[in-house]
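These protein sequence lines map, in sequence, to chains A and B.
Taking the numbering used here, the leading residue of the first sequence gets 1, the next gets one more, and so forth.
Taking the numbering used here, the leading residue of the second sequence gets 1001, the next gets one more, and so forth.
None of these hints come from the bench; they were simulated from the model.
Any given hint might turn out to be false.
[As the list claims (entries may be wrong)] Here are the simulated lysine-lysine pairs, BS3-like style, with alpha carbons at most 30 Å apart:
#, chain 1, residue 1, chain 2, residue 2
1, A, Lys-138, B, Lys-1082
2, B, Lys-1104, B, Lys-1226
3, A, Lys-355, B, Lys-1037
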Amino acid sequence: MEVDPGSDDVEADRETRAQKLKLKRNVKFRAQMRRFDEYCGVTNLTVDDLNWPLISGIPLQRQRLTGATYYDDSLLDQNPWDEFSIDRFLEITSIQLITAGAGYERNDEITRFVFQRTMKTIVTYCNFMYDLARRNGKVQITRFELQDLIHRDEFRFYMYFRQFLPNPDPNCTAFSNHYTSLLHTLYFNIPGMPQFWNNSQMYNYAATRGQRLVQNIAAFYPPEYFWNEDESKYHTTFVVPRGTEFSKFYARRFHEALGMPPLENEIITVLDWLAKLCILEIVYHTTIWCDITGFGGLPRIEHYRLAMENVEDIIFDLAIDDFSISRLQLQISPFEISRYSPLDVSGYYETIKRKKDIEEYQNRFYEVHYSDDVRIMNVYATDCSRKR
Amino acid sequence: MEKVNEERDAVFEDHIGDRRRSVRSLLEEAFADEMEKTSYDVEVADTPQPHIPIRFRHPPIAGPVHDVFGDAIHDIFQKMMKRGQAVDFCHWVSHLIATEIDEKFSEVAFRDVQYNPDIYVTDSTTEAKKLFNDKIWPAIDKILQQNAETCPILSEKWSGIHVSGDQLKGQRHKQEDRFLAYPNGQYMDRGEDPISVLAVFDGHGGHECSQYAAGHLWETWLEVRKSRDPSDSLEDQLRKSLELLDERMTVRSVKECWKGGSTAVCCAIDMDQKLMALAWLGDSPGYVMSNIEFRQLTRGHSPSDEREARRVEEAGGQLFVIGGELRVNGVLNLTRALGDVPGRPMISNEPETCQVPIESSDYLVLLACDGISDVFNERDLYQLVEAFANDYPVEDYAELSRFICTKAIEAGSADNVSVVIGFLRPPQDVWKLMKHESDDEDSDVTDEE
């Protein structure tokens, strides 16, 4: 029997390649985990907050996180890869807060508070979607789970399509972005969506919120703000750091700060949008809380804390246990032993006895008056009985 | 009524603490609120509760039929513990209630469904779970309406070693620890197996695995005991039952996508043979207290252990520091655990075991979670037992574990804390040992003797 002398070499090459790939994946995972740990100091997230199994030791993100960036990321803000700081996200949060009407100047305490709340909320959404994905037999969060989440709030669902599906024309199927094309298909699979798209009532919901926040800006922001108003600030988000163009570099950092949830291509942009909504909602909620409780002026950090005390998820009303821990201050009660003292439970036994007696009487009553006993029936039914 | 009073006031003179009391008085104490409500002819409206918003969570995935009974027993056990009852009574009554519900209220006899690796049926298990949850008081109500002649349970006498178990929540927002303390088979399935089983499970990444372990260890233990080979030592039996438990847990973990896992430290005590076996995974410690000291019998399975670190790396795992601690793949500070299925084989599910003879100088065995060992060393534990024995009478022996938990939280333990204690000698002996010599003359123990 002839043996191919090269087969061992091929096998060895394959093994070497597999080992190299494994090594590469290990190095990548390690770097990502280190960055997550570095960001934890600010985001306040830990591995325990994440529902996806990082313990497997391999990056769970199998697909590309996002599409291409249309410019050189490395030039952005002159930030080389290794020198990215999570403070940049705090800076972006403060810009978002300023544009939302929270205050004209950056306030570090408010920024940090809002950023931590936002990150925890987004991680909760990822957990929600990941659990759903696993129940659906998937290994990563897809647009279907995302839809299930956003569908919990009709207005957000409406916004979602407006935001990510710029042209819902069924004839226009040429989408450059893969995610948008998938969304397009999804859009036409949901009955009644075209009517939903054109629902003008939806604008009222947003208008009331917008008006209240604009009142803050008009009343408390200095005139210079309006002169120097920069349109790009309104578009600044975690993955659009300059407010003008999407950054793959920042998207990856944002993904790492969230604990690397396994996402379908482009979903990170939706999470970024949800984060922006979350910041807006926190500002709006605090402003309304201040109106109700009669605090004048722009909300301060204590107002944010008090306003958000009983709120868990601000958008979809999911349960977030962590936020309730601040309310439940750990109270160490001193050690005491409660001694047994005999209880008076005679009422219970008397009630039971009375119930039993009534039951017995009831049975007897039925037996006497409603029995099918033949003898009794004969008394009324037969002629001879009547005669007697 | 007189008969009821007689039954309630019956005392087992040869016991101490709650074991002296009758079943009826214990049940009445545990279900006092329900009894009070029943004593009114008209349903009493509950006091208005403050509005608590119910936020959305995913409904739990239905469990398999073979796990319903064990899950129900553990749920009832947890509820009974919250009512402040002693751990051994809670085990006993939880089995009693679950059996009563299964017999009287359920259409399917869940207690007879055996685990089969090839069958995974989840039909009607969600409804069954609700049934077991709703019928706790009706089941007890039925028992209390009877007397000891018609219901022999009411005159049952406790047996087995004395145990104490409790847990407290630290700064964590969830209690993921679970524990169990069966003095013998009477508390597992009302059987006659004389072996005591104690365990502490410290869950991570969710309470599912620790809860599963605490709810089903008695089943796997009894199964192993029934099918044991004469050559099987106590240690082998304990290891086999943990392996079987892990096998069952793995199936459930995969089906229900559980993320976390649990440490385990289990102890089986054979007082007849004077033998004690321990099996453990993870860093939850097990100690034995002799007349002079506490000594740790377990070895922590953590990445800082050289042997464990080598094993993890050979299995393809990476060890690096995250959050100031060496962790497997930057996530877990343990190298062995029950569950943690995605982390295998790096996170091993193989328990380490040991078997030791019970010496005459051994007084008690203490199992704990790392929340205790983080703040107390062996010497501290000895001093705590000593302090408790000097401040409280021996009748309060069942409160010793709660005392240690409270002290651990006071000492700054950030984690949840759980302690289980099994007395290898009668609690009176421990008290006698711990009482200061100067107090011996007027001690409770001396008085009793």
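Within a Cα-Cα threshold of 30 Å, do Lys-138 (chain A) and Lys-1082 (chain B) meet the stated pairing?
38 Å, violated
Pair hint outcome, Lys-1104 (chain B) versus Lys-1226 (chain B) [Cα-Cα no greater than 30 Å]
Roughly 27 Å between the alpha carbons, so the hint for Lys-1104 (chain B) and Lys-1226 (chain B) holds.
30 Å Cα cutoff - pair Lys-355 (chain A), Lys-1037 (chain B)
14 Å, holds
Comparing the model with each numbered hint stated earlier shows that hint 1 is the single one that does not hold.
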